[in-house]
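Residue numbers (my numbering), protein chains in the order written: chain A, 5 to 284; chain X, 9 to 353; chain W, 19 to 302.
These aren't lab readings, by the way, just hints derived from the structure by calculation. Take these hints with a grain of salt, some might be off.
Listed next, the in silico DSBU-like pairs over lysine-lysine satisfying Cα-Cα at most 35 Å (straight line) [what the hints assert, rightly or not]: (1) A:K207 - X:K84; (2) W:K26 - X:K111; (3) A:K207 - X:K111; (4) X:K177 - X:K114; (5) W:K87 - X:K163; (6) X:K163 - X:K121; (7) X:K111 - X:K35; (8) W:K87 - X:K84; (9) X:K163 - X:K114; (10) W:K26 - A:K207; (11) X:K69 - X:K114; (12) X:K84 - X:K121; (13) X:K163 - X:K84; (14) X:K121 - A:K207; (15) X:K69 - X:K111; (16) A:K275 - A:K207; (17) X:K35 - X:K177; (18) X:K114 - A:K207; (19) X:K69 - X:K163; (20) W:K26 - X:K114; (21) X:K84 - X:K69; (22) W:K87 - W:K153; (23) X:K84 - X:K111; (24) X:K114 - X:K35; (25) X:K35 - X:K69; (26) X:K111 - X:K163; (27) X:K177 - X:K163; (28) X:K121 - X:K111; (29) X:K111 - A:K275; (30) X:K69 - W:K153.
Label pairs and their calculated CB-CB ranges [unchecked claim]: (31) X:G18 - A:G120: 31 to 41 Å; (32) W:L110 - A:G120: 31 to 41 Å; (33) W:F77 - A:P54: 34 to 44 Å.
All C-beta atoms in this analysis are idealised placements derived from N, C-alpha and C, irrespective of residue type, glycine included.
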Amino acid sequence: MRVGLLPTDRGGSYRFVIVLLAILGILVSALPVVVVTIMSFSAAETSGFPPDSYSLRWYGEVARLFTNEDSSSAQSVVDSMVTSLVVALIVMVVATGVCIPLAYALARGQRRVREGMELLFTLPLVFPLVMLGIAFLLIAESLALELGIWRIVIPHIALVLPFVLRNCLSAMNGISVELEEAAISLGASPMRAIWDVVIPLMKAGILAGLIFALIISFNEFTITFFMYTIDVSTLPIWMYSRTVSSLDPSTLALSVFIIAADVLLIVLVDKLIAGKGNLF
Amino acid sequence: MSETHLTIEGVSKSFGDVRALSNIDLKVDRGAFVCLLGPSGCGKTTLLRIIAGFEQATSGKLLLDGADITDLAPHKRGFGMVFQSLALFPHMSVAENIAYGLKLRKASRVEQKDRVEELLNVIELPHIADRPVSALSGGQRQRVAIARALAIQPKLFLLDEPLSALDAKLRDNMQIELRRLQQSFGVTTVLVTHDQTEAMMLADELVVLSDGVIQQAAPPSQVYQSPVNPFVADFIGSANILPAVSTSQSTLGLLGVDTGVSVEHAPGSTLQAAVRSEAISLRKVESGGTGIVSFARDLGPVTEWLVQAEGHEIRVRGASSAVSPTVGDQVSLQFDQDRISVFAS
Amino acid sequence: MSTTTLSKGQALAFAAPAFIAILPFLAACVYILRFSLSAEQGVIEGFSIRAYQDLMTPFFGRSVWLTLKLAFIATVVVMFMAVPLAFLLTSLRGSFARRLLTVTILLPLILNLLVQAYGWILLLGPSGALNTVLKSLGLIERPLFLLFNETGVLLGLIQTSLPLAVFPIVSAVRGISNEHLEVASSLGASNWRILRDVSLPLLRPALVGAASIVFAFNASAFAIPLLLGGRRVQMMGVAIRDMISPLFNWSGAAAAGMILILLTLFVLVVSAWLVRVTTVKTKG
Chain A
5 MRVGLLPTDR GGSYRFVIVL LAILGILVSA LPVVVVTIMS FSAAETSGFP
55 PDSYSLRWYG EVARLFTNED SSSAQSVVDS MVTSLVVALI VMVVATGVCI
105 PLAYALARGQ RRVREGMELL FTLPLVFPLV MLGIAFLLIA ESLALELGIW
155 RIVIPHIALV LPFVLRNCLS AMNGISVELE EAAISLGASP MRAIWDVVIP
205 LMKAGILAGL IFALIISFNE FTITFFMYTI DVSTLPIWMY SRTVSSLDPS
255 TLALSVFIIA ADVLLIVLVD KLIAGKGNLF
Chain X
9 MSETHLTIEG VSKSFGDVRA LSNIDLKVDR GAFVCLLGPS GCGKTTLLRI
59 IAGFEQATSG KLLLDGADIT DLAPHKRGFG MVFQSLALFP HMSVAENIAY
109 GLKLRKASRV EQKDRVEELL NVIELPHIAD RPVSALSGGQ RQRVAIARAL
159 AIQPKLFLLD EPLSALDAKL RDNMQIELRR LQQSFGVTTV LVTHDQTEAM
209 MLADELVVLS DGVIQQAAPP SQVYQSPVNP FVADFIGSAN ILPAVSTSQS
259 TLGLLGVDTG VSVEHAPGST LQAAVRSEAI SLRKVESGGT GIVSFARDLG
309 PVTEWLVQAE GHEIRVRGAS SAVSPTVGDQ VSLQFDQDRI SVFAS
Chain W
19 MSTTTLSKGQ ALAFAAPAFI AILPFLAACV YILRFSLSAE QGVIEGFSIR
69 AYQDLMTPFF GRSVWLTLKL AFIATVVVMF MAVPLAFLLT SLRGSFARRL
119 LTVTILLPLI LNLLVQAYGW ILLLGPSGAL NTVLKSLGLI ERPLFLLFNE
169 TGVLLGLIQT SLPLAVFPIV SAVRGISNEH LEVASSLGAS NWRILRDVSL
219 PLLRPALVGA ASIVFAFNAS AFAIPLLLGG RRVQMMGVAI RDMISPLFNW
269 SGAAAAGMIL ILLTLFVLVV SAWLVRVTTV KTKG
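I would like the entire structure built from these sequences, with the hints used as guidance.
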């Protein structure tokens with residue numbers, strides 16, 4: 005008999021309980037997303053489940069939202085969408101750009117320094133998001149800073165740093181100093197050795213970090229909820245303002261697009277770091 | 009006869025409070041194959057890394073053809089190096105690995121291609137240019153790493169335990185191969201190893217290091233035949249280190265036997281003698297022997313015995329024969345006079 | 019000095035951009051601390067602990083209690099599902115199945131919280147999926163009220179924090195050699211015994227670490243109680259928001275925030291200490 009944490013045969017009550025709990029976990033994880041997807045195809049105005057009939061009318065609604073500039077709402081979905089994407093792209097590039105040299109310095113530096121730094125850069129992960137939102141809002145308001153789009157970008161960067169750094173660090177872990185020394189012995193300057201050897205070998209981790217930053221920033225709600233203004237607002241905020249009183253099925257159709265994009269990107273990250281790192 | 013290529017002058021190295029190398033002086037002749045040999049932690053790798061420029065000596069100087077290179081950046085030294093892990097670039101093909109140093113030297117594509125082809129022929133792997141490094145066997149990786157270092161026509165060829173990861177048989181072949189390559193390129197070579205057989209096989213000059221100090225630097229046969237101290241005698245070919253005395257006739261008394269070897273030390277002084285196991289022969293006696301055989305094993309061409317004598321355990325090796333002593337036999341020991349090394353204790 | 023290890027100056031130069039990027043975050047932390055000690059409610063002015071004293075009300079006490087209670091229950095439930103999920107994830111052979119499960123579990127952490135809130139609203143609402151199913155099975159006659167109360171918030175917390183527990187446990191499970199289990203089995207241990215005597219003790223550091231992160235995450239939740247609890251479930255995150263708008267009590271919000279931060283840090287530090295103590299014990 006094969007022994008394992010999840011025995012394939014002769015598992016008895018053990019296997020039954022483990023599988024049952026796992027299925028429960030999968031249901032809790034997946035059901036909301038599944039229901040949103042099903043309801044987006046409903047033909048009805050109400051949110052009764054299951055829908056009486058199915059249609060693509062809410063997807064048509066979304067298309068109309070994007071094509072007809074609607075001046076009735078304070079900010080159009082197109083503007084929010086563009087802001088969301090621009091913010092996410094800046095966050096992604098800046099966060100990864102600063103994390104690559106940091107990961108290099110930490111991997112090649114002293115162990116004690118490295119542990120301290122890792123702790124510092126993990127802080128945003130455990131810091132209550134509400135407090136971050138409030139604190140950034142307070143600073144921006146009391147200093148009367150005219151930050152434009154950066155009032156959302158700056159907090160988002162802090163938020164994604166832990167994820168990006170972790171990916172870059174685990175990519176650095178596998179790169180031995182001897183590889184750099186080999187390049188140097190062949191005539192490469194230390195910077196050239198980093199460029200020719202370290203960066204290409206970090207590529208998967210860097211890409212994973214980029215994508216992580218992109219999805220987290222694009223989906224972020226809490227901090228943005230405090231920081232948004234009439235001029236600078238993101239897609240999640242637009243969705244919130246639209247559904248604050250009642251659920252609008254066209255928002256569900258929009259949600260399905262977001263779900264699909266996220267799933268695609270997560271699969272990509274998972275492929276990039278398959279077997280090497282951990283997701284976070 | 010031969011000119012000095014690399015000179016190491018009074019090099020010391022400390023890591024914090026730990027002294028890794030003390031006042032190393034060494035001259036390496038042009039085209040010579042030098043092996044730095046010693047137990048782990050003796051400082052041999054540190055010395056190699058100082059030569060390569062990856063470590064900065066705390067004090068002392070490095071001269072190459074008389075020019076001071078102590079402070080020259082490692083990438084400007086032009087020394088080819090083979091690392092313990094080989095450090096082949098995993099994201100490049102075999103050809104790209106070998107051509108990397110040439111690319112940095114701005115060699116044309118044609119030059120690069122010709123040189124890669126030439127080197128692949130030299131290492132007798134002409135058809136692997138486009139393979140990824142991960143598809144190579146251990147021995148092939150070894151050769152590619154050597155080819156990559158030699159491609160830049162290095163002024164010095166440095167190797168840090170390059171063969172330690174190979175199995176015994178492959179290592180044997182690679183030693184011969186390495187020696188052949190070194191001689192055909194005529195490149196001055198420094199190799200670090202902890203394996204004394206490997207060092208004996210490869211070196212023109214053997215440098216035995218221990219505790220950050222050079223114990224002996226001489227051709228291998230000289231190090232083997234006349235070790236300068238008990239450490240070297242024991243480390244190279246494991247000798248029996250035995251307490252001895254200088255007799256009243258100024259000869260060496262060993263285990264109560266007068267060996268007849270004359271010594272310069274004053275009569276009565278306590279000494280140490282190193283005797284190789286093959287420099288002792290055993291004779292079975294009925295009574296009054298020097299020792300008793302406690303262990304015997306037939307290794308085929310030779311037999312190895314352990315003999316208990318005067319409270320010491322002595323290792324003896326000799327030709328197998330039908331009349332060989334066996335366990336429990338009383339034996340008398342005879343020492344080959346020419347192969348005893350004597351040290352003041 | 020080895021040339022391939024970085025000098026202090028180089029290391030600083032390499033780390034500098036990242037420091038600049040995290041500086042606003044650190045400034046925000048300091049700012050909150052300073053504001054919580056302000057004598058005025060609306061601006062930073064003088065030093066006083068009045069904001070903290072003003073929090074000593076039954077209302078805020080209930081909020082703290084509710085926060086701890088919901089975070090604790092959610093953590094326990096999450097741990098009971100996370101360990102089996104980690105076992106399942108590591109024992110899947112096919113890469114498609116593994117990837118599908120990974121995405122399913124990870125998605126709730128990353129996906130726009132609004133989308134998930136919509137999902138729960140559609141699931142748990144009076145005419146939602148769950149009530150429809152239960153009614154058609156004849157188990158209930160009137161719809162259950164699951165939304166805009168603690169049940170809904172709890173489910174949302176469990177869903178969004180589950181991945182935070184599963185993935186650290188997965189990497190710990192990968193570190194367990196199958197030989198350990200085989201030895202136990204060859205000595206006659208049943209599956210349950212192996213779980214109790216071998217697997218769980220080996221996983222203990224990862225379990226404690228995962229549970230503490232899940233707890234900290236849930237205690238500081240904001241969007242889920244806001245969207246699924248309405249005004250009725252005043253977890254600390256929501257209570258703090260209400261101090262700012264409509265009440266404009268900035269220093270009070272900062273003080274309440276500091277308490278929330280200290281609470282989560284306390285949990286994390288204690289659990290880190292717990293991990294250290296227990297691992298030393300098993301090594302000795």
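Hint by hint, here is what the structure shows:
1. A:K207 - X:K84: holds, 28 Å
2. W:K26 - X:K111: holds, 31 Å
3. A:K207 - X:K111: holds, 22 Å
4. X:K177 - X:K114: violated, 39 Å
5. W:K87 - X:K163: At roughly 72 Å apart (the allowed maximum being 35 Å), K163 of chain X and K87 of chain W break the hint.
6. X:K163 - X:K121: Measuring from Cα to Cα gives roughly 22 Å; hence the hint holds.
7. X:K111 - X:K35: Distance of about 32 Å is within 35 Å: holds.
8. W:K87 - X:K84: violated, 65 Å
9. X:K163 - X:K114: Distance ~18 Å between K163 of chain X and K114 of chain X Cα, so the pair holds.
10. W:K26 - A:K207: holds, 26 Å
11. X:K69 - X:K114: holds, 31 Å
12. X:K84 - X:K121: holds, 23 Å
13. X:K163 - X:K84: holds, 11 Å
14. X:K121 - A:K207: OK: K121 of chain X and K207 of chain A at ~27 Å, within 35 Å.
15. X:K69 - X:K111: Roughly 31 Å between the alpha carbons, so the hint for K69 of chain X and K111 of chain X holds.
16. A:K275 - A:K207: holds, 13 Å
17. X:K35 - X:K177: holds, 33 Å
18. X:K114 - A:K207: holds, 25 Å
19. X:K69 - X:K163: holds, 18 Å
20. W:K26 - X:K114: holds, 33 Å
21. X:K84 - X:K69: holds, 17 Å
22. W:K87 - W:K153: Within the cut-off at roughly 30 Å; holds.
23. X:K84 - X:K111: OK: K84 of chain X and K111 of chain X at ~15 Å, within 35 Å.
24. X:K114 - X:K35: Holds. K114 of chain X to K35 of chain X sits at ~33 Å (cutoff 35 Å).
25. X:K35 - X:K69: Between K35 of chain X and K69 of chain X the Cα gap is close to 12 Å, so the pair holds against 35 Å.
26. X:K111 - X:K163: holds, 18 Å
27. X:K177 - X:K163: holds, 31 Å
28. X:K121 - X:K111: It holds: about 11 Å lies between the C-alpha atoms, which stays within 35 Å.
29. X:K111 - A:K275: holds, 33 Å
30. X:K69 - W:K153: violated, 90 Å
31. X:G18 - A:G120: 31 to 41 Å: At 39 Å between Cβs, range holds.
32. W:L110 - A:G120: 31 to 41 Å: Because 37 Å falls inside the window, the suggested range holds.
33. W:F77 - A:P54: 34 to 44 Å: holds, 41 Å
In this structure, the earlier hints numbered 4, 5, 8 and 30 are contradicted, and the remaining ones agree with it.
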